[in-house]
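Chemist: These are the residues of each chain, in order.
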Amino acid sequence: MTLTRASAWRCAAVLTGIALVVTACGTSADDEASGSDEAGDPAAAFEPPDLPMLEEIGAGEGELNILSWAGYAEDGTTDPNVDWVSPFEDETGCQVTNKVFNTSDEAVSLMQSGQYDVVSASGDASLRLIAGGDVEPVNTDLVPNYVDIWPFLKDRAWNTVNGVNYGIPHGWGANVLMYNTQEVDPAPASWSVVFEDAEQQDGRVTAYDSPIYIADAAMYLMETEPDLGIENPYALDDDQLAAAVDLLKQQSESVGEYWADYTKEISAFKTGSSTVGTTWQIIANLAKADGAPVDVVLPEEGATGWSDTWMVGAESEHKNCAYLWMDWIASPDVNAQVAEWFGEAPGNSKACDLTADPDHCATFHAGDEEYAEQIWYWTTPIEQCLDGRTDVTCTDYAAWTQAWTEIKG
Amino acid sequence: MRTPFSRRVSAHLHRRPRLRLWALLTAPMFWLVVVYLASLAALLVTAFWSTDSFTSEIVRDWNLDNYRLIYESSVYRTIIVRTLAVALGVTAVCTVVAIPFAYYMAKVAGPREQKILVVAALMPLWVSYLIKGFSWRILVGENGVLDNTIGATPGFGTAAVVLTLSYLWLPYMVLPVYAGFERLPDSLLDASGDLGAKPSRTFWSVVLPAIFPSVVAGSIFTFSLSMGDYITVDIVGGSTQMLGNVVFDNQVYDLPFAAAMATVTVAIMVVYLRLVRRTGALENI
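One line per chain: the protein sequences are A and B, in this order. Just so we're aligned, residue 1 is where the first sequence starts under this note's numbering, counting upward by one. Just so we're aligned, residue 1 is where the second sequence starts under this note's numbering, counting upward by one.
Just so you know, the hints here were simulated from the structure itself, not pulled from any lab data. Check each hint, because a few of them may be wrong.
As the list claims (entries may be wrong) - DSS-like cross-link-like pairs, simulated, lysine-lysine; straight-line CA separation at most 25 Å: (1) A:99 with B:132; (2) A:350 with A:154; (3) A:264 with A:249; (4) B:198 with B:107; (5) B:132 with B:115; (6) A:270 with A:288; (7) A:288 with A:264; (8) B:132 with A:264; (9) A:270 with B:132.
Next comes chain A alone, as it looks inside the complex (with noise of 0.2 Å):
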């Protein structure tokens, strides 16, 4: 495939979805931009298009269209205990729509739509987002409660491009291991479960349906193939992801579905149809609520996870509104509920204070730097080898979605 980096930057703004075809692409040359090759930081390997950041925060527009991760943005519907958006448009008056997503590349479709006007991105969805346009720089002054984020969820590869802000840090934690109690016996300690002894529960393994899985695949062989010398799970070479790719084909063939849609998985677990797999704790926390016999655990691999941000849409008419929701979510109440709902550590450090559960923090290590840099947080793979390596070209994640649909076969 022939990617021509610097003429599709000139492009950014314009090309939504089918209009492309009829609107004359290249007159529109405002986010004059060039690529460079520099490896490593993956900030280093591009240069966002120019877009101004609010200056100052006016009067709330009135309305609100959120994009985000299951159970980022309760208000009362799933659980009528577990309501953070009703106070928010009382207080605010921004009435709120809020439209889930179920995959970063879904995130990134729809945030290109330019419909929305605040997303939760995951670091795989983050940098795209920003070299895409879709989102514009934060002006982290209009948002009062910034500065009770943990210094170390600033400033990173993920939010932040040549030190501009492109967002606001919402929590963090890791894709952990779902595992049926009753069928799984005894409680898994490692991702064999799922990779190697995946044949133990053949046709009742599931797994994430998203490239971005092949990381897990990744990870696990970084520990169990030092061999292959995979530094990164999201710098794979060509020789490390075919690897990777092997590893997941054996798993597909135990495979009984994969899940995307989170409800999905919920329902496969209550009947029985999965027993093991990966899963976010706010799936186990739903699913063990609708009586299914499930537990987690955090294998002893490690495990890949998110950190994430929440982002203003560039072409956003309620910018007030996306900055009063930005601070509102990151308040440390609110922050501690949706920690708390989701099962995540929360970003705001004063939140610990304020979950319900008082162990909630030391659980979910909120605060624990070094537990934090153990996770590997989802992040877009790149040519440009993300582990500092510049003998080799990586793969990047048009290859790991091409990978993802042989490994389906």
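Given the coordinates of chain A, assemble chain B onto it according to the supplied hints.
Modeler: Coordinates of chain B only, in the frame set by chain A:
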């Protein structure tokens, strides 16, 4: 007294046949040319482009890489063949179920019963596609209805996809076949019997040739709707992938490749329709 506005308009139009033609044709032509053909053209054109690997923005350099990948990669060939097999399977199941059902509706049932049966055949169309899909998920799943009643279930997979799609598209087969039976005069069946033909002979030599065009008409629906489906596969397909899933998985990230894959569906449908035309069935509908 002034002439009413509508009268004046119709008088005006009456004197100008060309204006009349324009007024009649503008809306449908707009639909056909701009909305329908242009979007198809956009699809075809997009398939020859590529995407930036990082932002997934489209890069407009003309190339055949997407088609080459589909051709060279065995996984896409497998998926295309599987999709064809599912579409043909669904069509076969629908045909086998629809013929006796439609025969009973048209030839055996009394007028009152006939009305009830037509409503019954149409009833599934009143319910949302997703509800029907998830109902089948409950039916075929492990510890599901089938498992608990008859003790066997195909489980999530290709077989479940064929079953579910057959259920979803059955009305589109029943209705044309029913119409076909309606047009078949009873006297032909009587004549066949009077001439000594056994029921099976009557079926193969009289009934089937007469309703064949209707079956073909119905098959266009069942085949094309199955070719493009991806939601049912997602719900009951387990780890199965069909053409529609590949399009869906790639449309976010690699729209040109998704377009190339979608073009394959169009190509298959064109071939199918040409085959249908060759049977001469379309002229007899």
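Chemist: Taking the hints in turn, state whether each one holds.
Modeler: Right, here's what the structure says about each hint:
Taken as a hint, the residue 99 of chain A and residue 132 of chain B pair is honoured in the structure, with Cα atoms around 23 Å apart against an allowance of 25 Å. Between residue 350 of chain A and residue 154 of chain A the CA atoms are separated by roughly 15 Å; this keeps the pair inside 25 Å, and the hint holds. About 22 Å separates the Cα atoms of residue 264 of chain A and residue 249 of chain A, which keeps this hinted pair within 25 Å; it holds. The suggested pairing of residue 198 of chain B with residue 107 of chain B holds, with an alpha-carbon distance near 18 Å, which does not exceed 25 Å.
A C-alpha spacing of about 24 Å is found between residue 132 of chain B and residue 115 of chain B, which places the hinted pair at or below 25 Å, so the restraint holds. For the hint pairing residue 270 of chain A with residue 288 of chain A, the CA-to-CA distance comes to about 9 Å; that is within 25 Å, so the pair holds. For the given pair, residue 288 of chain A sits about 14 Å from residue 264 of chain A by alpha-carbon distance, which is consistent with the 25 Å threshold. A threshold of 25 Å between alpha carbons decides the hint, and for residue 132 of chain B with residue 264 of chain A the separation of about 15 Å falls inside it, so the pair holds.
At roughly 20 Å between alpha-carbon atoms, residue 270 of chain A and residue 132 of chain B fall within 25 Å of each other, so this suggested pair holds.
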